[in-house]
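There are 2 protein chains.
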Amino acid sequence: MVTLLSQPSRLTLNGDRLNQRIEILANLGRQSSGYIRRLAFTPEDLQARQQVQTWMAQAGMTVRIDAAGNIIGRYPGQVQDAPALATGSHIDTVPSGGRFDGVLGVLAGIEAIAALQERHLRLRHPLEVIVFTDEESTMIGCQAMAGTVQARAADYHPADGTTLESCLERVGGNWDEIATALRSRSDLAAFVELHVEQGAVLEHQQRSIGVVEGVVGIRRWALSLTGEANHAGTTPMDLRHDALVAAAEITLAVRRIALQQPGNPVATVGYLNVLPNAVNIVPGRVDLSVDMRDLSCNCLHTMEQRLKQEAQGIAATHGVAITFKPLLCVEPTPAAPGIQGAIATVCDELGLSHCSLPSRAGHDALEIGRITDMGMIFVPSQAGISHSQAEYTSPEQCTQGATVLLHTFLKLDTAYPTDNAERVKSEE
Amino acid sequence: MVTLLSQPSRLTLNGDRLNQRIEILANLGRQSSGYIRRLAFTPEDLQARQQVQTWMAQAGMTVRIDAAGNIIGRYPGQVQDAPALATGSHIDTVPSGGRFDGVLGVLAGIEAIAALQERHLRLRHPLEVIVFTDEESTMIGCQAMAGTVQARAADYHPADGTTLESCLERVGGNWDEIATALRSRSDLAAFVELHVEQGAVLEHQQRSIGVVEGVVGIRRWALSLTGEANHAGTTPMDLRHDALVAAAEITLAVRRIALQQPGNPVATVGYLNVLPNAVNIVPGRVDLSVDMRDLSCNCLHTMEQRLKQEAQGIAATHGVAITFKPLLCVEPTPAAPGIQGAIATVCDELGLSHCSLPSRAGHDALEIGRITDMGMIFVPSQAGISHSQAEYTSPEQCTQGATVLLHTFLKLDTAYPTDNAERVKSEE
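These protein sequences, in sequence, are chains C and D.
Sequence positions in the first sequence follow numbering that gives the first Met the number 0 and run 0 to 427.
Sequence positions in the second sequence follow numbering that gives the first Met the number 0 and run 0 to 427.
Chain C extracted, bound-state conformation (with noise of 0.2 Å):
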């Protein structure tokens, strides 16, 4: 077996191959109307999972799944008992999916490696393929990897309405071994996923490849505003507590404050119910949402503070009670520089216009960046639509992601100590 690369850029991969796998996958779950229907755990996805196992294997990787029912494809390295070089994504999708969405990092990291077993190459470090469990609802198969499990199995809602312990089951997990899923950067040196956009940042700067610089973090709150609901006609302007024009001011508050804050963090409000929603009726009560996302803790925390001081202060000028409710606190989790300048070297290598971004959809990484080094590769989503049947990368886009990806391997096999101790000491 050939060991060395004499000229590495020009190594490429089966992008035949890796489009026709994305629609195979895509047959699995697709419905008359065109989208993509393949919830974790259902048959559907049982078959996905069989067909990328099949698949693994002939790329010449051991395959192995873990308690969390995780599938784990390995590749093994030139030296023994080095760390994985790892990549890897989901093949579930949301209820009314695409065809990207996670299949293109699973799949592009099945080709990487194929296109190194097809010419008889093996890198210093194993490198392993991961598809994670059920991504789009529980994100069990991440979380048990990164030690960031919930205590109890009925924490978790599987899609299909079951227990997760008979799902993880299914799929050849077990939830009382849930924690022997846990991986460690003594195990796992890097990980590397590569993924649609699901933006369209890179379609409107007209770049190839986004670097990403982390996955943001996300604070989300419930609001509540009651006020007093009366006759829009014979209550004076001076006499309102109207609940609707205090949730106008706390709408617009909310995309003010994204937009004062450095870097670029954005923040919506989604949801928004009013009562009792009467054409001549003053509105006595609106419900609404608030998500705020950015890649820095700091900037995440100083929103919060703004959206509590400026809320309550609207809330007081028209007489209006406001409760706030937290619904979701996930902290953002920065991708790690040295595989950054990994993705861009490649790029500029292979001629391919990057720019860097944050990812601010959660992904797989979000928790695996928990425990090791992170990184990852976007390809544009034109209109920057996904979760839909509409959502579309083109055939070259995806070869040219898994192509990146690719070299990414061979920059990091370089750069990562195949030798833990060695890893200690040049860190400290």
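These aren't lab readings, by the way, just hints derived from the structure by calculation.
Some hints could be false.
One copy or any two copies: either way a pair holds, since identical chains are not told apart in the list.
[What the hints assert, rightly or not] Listed next, the in silico SDA-like pairs over lysine to any residue satisfying Cα-Cα at most 20 Å (straight line):
| # | residue 1 | residue 2 |
| --- | --- | --- |
| 1 | 324 | 276 |
| 2 | 307 | 16 |
| 3 | 307 | 260 |
| 4 | 410 | 421 |
| 5 | 410 | 394 |
| 6 | 307 | 343 |
| 7 | 324 | 277 |
| 8 | 324 | 313 |
| 9 | 307 | 31 |
| 10 | 307 | 320 |
| 11 | 324 | 165 |
| 12 | 307 | 278 |
| 13 | 324 | 278 |
| 14 | 410 | 19 |
| 15 | 324 | 183 |
| 16 | 410 | 11 |
As the structure is a prediction and not an experimental result, all values here were calculated from the model.
Starting from the structure of chain C, add chain D where the hints point.
Only chain D this time, still in chain C's reference frame:
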């Protein structure tokens, strides 16, 4: 029969009976949870109409039903063929109504006439008490009397789901003869309606009586804003077309436009619906209502122009499409200055505090004011609440309102000529 009032300011009426009768009508349609449901044309309404006719007859009135089902009780005057001075209101309720809305005006009119009849007094003019048909829904009664009925019976949608023709038949009316219900200034010299305020201005200003300046006109629109639904995480702030942000700015513009106009117009966004209305999706579409009311046509026109201009500017700023659909256009009806003056003078003579204010809810007087001199007397509504079982005006306040109505009749009897030729001459 005595025909002169030597000390008119001492004339009183039977307040206890007035308040007892309000309770008697409240029992027709009272639900176990406390509110009153006496929709026009239902058995409860028919029962109440029968009861009121009995009381009219007891007060010495002759009773007739016109083609619109209006009950017209008439108490003769001294001068043969003099035009009538009229009062009245309605006895139907909204689906979950209170005890006073409409009922007070009808029963106070009957008590005012009973006070004269029991003292064997007649005024120069005949007096009328009118129960208008279905004020809360079709307003067919007052519209028929004012000649503002719509072309086809099918344009009306009675609350019980049947046809207007069958509804009118049930109350002794006749759609085919509806034109015969029309009245004019030559047989109706003036109309004065006593009503609960349905707002909190009198309570707030601590006044016993409101002298109504007129019934406001209404302009009402449906606005639709179409932006782009998008992922709340992956869509940067500057690439959004957020329909809710535009709707929030329009909601605040509506309020600002009303506050900046002279006078005290009101403007309300009471209905607002967000699509898809999900925590993690930038809103793609918002539908909302705008309701604007004022006494002045000029003011309504200015507010309408400003709304369109500002809303279009806001939509353009956010890259959101906007449409306006008119829902309602009611012209304002000013109260006759002479009647306003008479009511205010009566209050001063009776030692009752008063203030002037517009009526911002619709009333039968809105329509009758289109054919003859109109005035309205308001009494306070506790906390401004109406169209609710919590609607409340104290027995003392009800009696005060009825007493002001009685004495206003006495003033108008002197002020208005009994001869139409004389009136026309005095107006020249």
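Outcome of the hint check:
no.: 1; hint: 324 with 276; verdict: between (23 Å within a copy, 18 Å between copies)
no.: 2; hint: 307 with 16; verdict: neither (52 Å within a copy, 56 Å between copies)
no.: 3; hint: 307 with 260; verdict: within (16 Å within a copy, 33 Å between copies)
no.: 4; hint: 410 with 421; verdict: within (18 Å within a copy, 107 Å between copies)
no.: 5; hint: 410 with 394; verdict: neither (24 Å within a copy, 89 Å between copies)
no.: 6; hint: 307 with 343; verdict: neither (39 Å within a copy, 50 Å between copies)
no.: 7; hint: 324 with 277; verdict: between (26 Å within a copy, 16 Å between copies)
no.: 8; hint: 324 with 313; verdict: within (17 Å within a copy, 31 Å between copies)
no.: 9; hint: 307 with 31; verdict: neither (46 Å within a copy, 43 Å between copies)
no.: 10; hint: 307 with 320; verdict: within (13 Å within a copy, 32 Å between copies)
no.: 11; hint: 324 with 165; verdict: neither (32 Å within a copy, 53 Å between copies)
no.: 12; hint: 307 with 278; verdict: between (30 Å within a copy, 18 Å between copies)
no.: 13; hint: 324 with 278; verdict: between (29 Å within a copy, 14 Å between copies)
no.: 14; hint: 410 with 19; verdict: neither (28 Å within a copy, 93 Å between copies)
no.: 15; hint: 324 with 183; verdict: neither (34 Å within a copy, 61 Å between copies)
no.: 16; hint: 410 with 11; verdict: within (15 Å within a copy, 102 Å between copies)
Hint check: violations occur at hints 2, 5, 6, 9, 11, 14 and 15; the rest are consistent with the structure.
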